[in-house]
Amino acid sequence: MFRIILTKIAAGLLTTLGVSIVIFLGTNALPGDAAQIRLGQAATEDSLRALREELGLNLPLYQQYFRWLFNFLQGEFGTSLASGNVTIAQLISDRYENTLIVSTLTAMIGVPISVGLGIMAAMFPGTIYDRFLTLGSVTLVAAPEFFTATLMVLFVVFFLGIGNAVVVGSIEDKNLAELITHFILPIATLCLVIAAQLIRMTRAAVLNVMNSPYIEMAILKGIPRRRVVMRHALLNAIGPIVNVIAINLAYVVTGVIVIEVYFGYAGLATLIVQGVQTRDYILIQTLGMIFCATYVILMMIADLASILSNPRLRHPK
Amino acid sequence: MSNNENNEDKHYVAPFSKEVSFDELQDAPPSGKFRLSITGKLGVVVVAFWLFIAIFGQFLAPYEENDLPFPDDYSEFQKPRPGAWLGTDVDDRDILSRIMYGAGRTIGISLAGVLIAYVIGVTLGIGSSIAGSRIDQVLTQFFNILLAIPTIMFGLVVVAAVGSSIPILIITAGAIFSPVVFRLSRALGMEIMVMDFVEAAKVRGEGYRWIIFKEIWPNAAMPLISDFGLRFIYVILFVSSLSFLGLGVQPPLADWGSMVRENLGALQYGESVIPILAPAIAIASLTVAINLIVDDVSAHAGGKLSGRL
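Those protein sequences? They're chains S and F, same order as listed. The first sequence begins at 878 in the working numbering and counts up one residue at a time. The second sequence begins at 2 in the working numbering and counts up one residue at a time.
Isolated chain S (complex conformation):
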């Protein structure tokens, strides 16, 4: 079993490494290198050469890559190209909290509710409740995030009259009520976005277990439906459900980009979009790597969860 886990983790690390090569090469394809951008019009042949040597840009590509990777792992991300002499680490530390709060709260609020709803839907398949949820999630799954966001704005701001359509200001020195109105829109929207997938997939995972013979046996014994689901089905569905949760958390990582821009929320995602607009490729490299690594790790957890929970996968023949 440990060997399987180790191979999975190794595969995850290798993938991350592969991703880092893609990102490095992709951002390196940008016209102009860091020395040129930084010196701008004032560049002379000599000053360019000197700065290139200082930044290591005269080295062969593969050495540059290893240098970059090594620095990245140590948390030395370099200096931003667009915003003067600010280091990337500074830019990130100003904002990472915002993104972290939104995604963590989304996970803490959205995941339990959606998993619960999904299990309920699987408990009473074919009822009006189930159909309503299924139709709702089919609709939301295919809709773009900014559509869901607009619906949330209509509901929360114009109908309930709380919150502000645009999230501004810092979170320091705010009381609880202000914090709620500050966060309610992005978090509610993201919850709704992942809920659609999560409900659908949880329902499918539980129903999948519900089709197995031992459940039929339990039903035939006359055990009440709720007990069948809770005691017999759910325990065996935990693996698939954890898998589903990890996949959807990985989705939060990308979903958060559109949501942050929509609400004008100053997080890491708006930072990377800014980086693309100003062609600050060092910023893009770093943030792209952070987002992708998180994504890969969550996907790896999803993979591991489904292996660990299934004895047949745990002990392959």
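Certain hints may be false.
Claimed, not checked - Over 12 Å on every C-beta distance to chain S, these chain F residues come out as not near it, computed from the model: (1) D74; (2) L248; (3) P280; (4) L287.
As the list claims (entries may be wrong) - Partial list, derived from the structure: chain F residues whose beta carbon lies under 7 Å from chain S: (5) S76; (6) I121; (7) V139; (8) L140; (9) I146; (10) P151; (11) S241; (12) F245; (13) V261.
Simulated from the structure, these hints should not be mistaken for lab results. Glycine included, C-beta positions come from ideal geometry on N, C-alpha and C.
Chain S is already provided as a structure; the job is to place chain F on it using the hints.
What follows is chain F alone, placed relative to chain S:
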């Protein structure tokens, strides 16, 4: 089920036995008649409507995409009124006309992108399932790495590197979505390659061309078609998200995603949210409608396609 409607023909064509019709056998191929559910029909109507608008919208639109409906009365985010039935946007342009112009762009770019993804993905996927061994491993590893990058992040890096224009957008979408198509068609190809009828064809001495077009393709077509719908949805969402981030279709060209972006100010200053809601609804109605059709098709093709992805 469509069994009842087909029963009468069945007696003449294939009277296996009176009790068990061919359709009820476990491995039976999908029955020939494909029927849409009510939601599926609704989906077809909506998709047909948008395709019509995508092709003819620019000729039917009341204004050019950057014209002002009320040149004398310039003010942003006007409410709907005769002459501008959905109101005006941030630059006082007619929203209805821009949606009709944008339909062609959003749908056209996405369709071209998903077609490129399919040409690359299916060719390489089926090819590598036949070629096997070395080539297969290299391609699979390569595409696995690409799959590990979130699509929108991939798009951001590409746009940062080469800038944004409509051809680049199409090629990027094609490149980003080809790994998924590759994986699916490779899995299908692998599955079919070990079937007895392929073995039989090989023993018969058929060439690769026969095996690909006469053995694999007919069996892989149905799952691929319903996946095509799904992929189309994702490409539409991808292209509009990029445009929404300001990195896709560039102003002043109208496109549904960038319309939402341009008019974000309506949330704060506008009197109505129609400037944002209208293009968002356009995208959502199209993607949801395609999803409804895909649900029907994949139910018909048998098996949960989503499980395979």
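Status of each hint after checking the structure:
1. For F:D74, the shortest C-beta to C-beta distance to chain S comes to about 26 Å, beyond the 12 Å cut-off, and the non-interface label holds.
2. With a least CB separation of 6 Å from chain S, F:L248 falls inside the 12 Å interface cut-off, contrary to its annotation.
3. Not every CB of chain S is more than 12 Å from the CB of F:P280 (nearest about 9 Å), against its label as outside the interface.
4. The Cβ of F:L287 does not lie farther than 12 Å from every Cβ of chain S; its closest approach is about 9 Å, which violates its non-interface assignment.
5. With 7 Å as the threshold, the beta carbon of F:S76 stays out of range of chain S, its nearest partner Cβ sitting at about 20 Å, so the hint is violated.
6. Restraint check, F:I121 versus chain S: the minimum CB separation of about 17 Å is more than 7 Å; hint violated.
7. Taken as an interface hint, F:V139 does not check out: its beta carbon lies about 12 Å from the nearest beta carbon of chain S, beyond 7 Å.
8. A distance limit of 7 Å between C-beta atoms decides the matter here; for F:L140 the minimum to chain S is near 14 Å, and the interface restraint is violated.
9. Because the beta carbon of F:I146 sits about 4 Å from the nearest beta carbon in chain S, less than 7 Å, this interface hint is met.
10. For F:P151, the interface hint holds, the least distance from its beta-carbon to any beta-carbon of chain S being 4 Å, beneath 7 Å.
11. Annotation: interface hint on F:S241 holds; nearest CB of chain S at approximately 6 Å, less than 7 Å.
12. Here the hint on F:F245 is kept, as its CB sits about 6 Å from the closest CB of chain S, short of 7 Å.
13. Hint status for F:V261 relative to chain S: holds, with the closest Cβ pair at about 5 Å, below 7 Å.
Of the numbered hints stated above, those contradicted by the structure are hints 2, 3, 4, 5, 6, 7 and 8, listed in ascending order.
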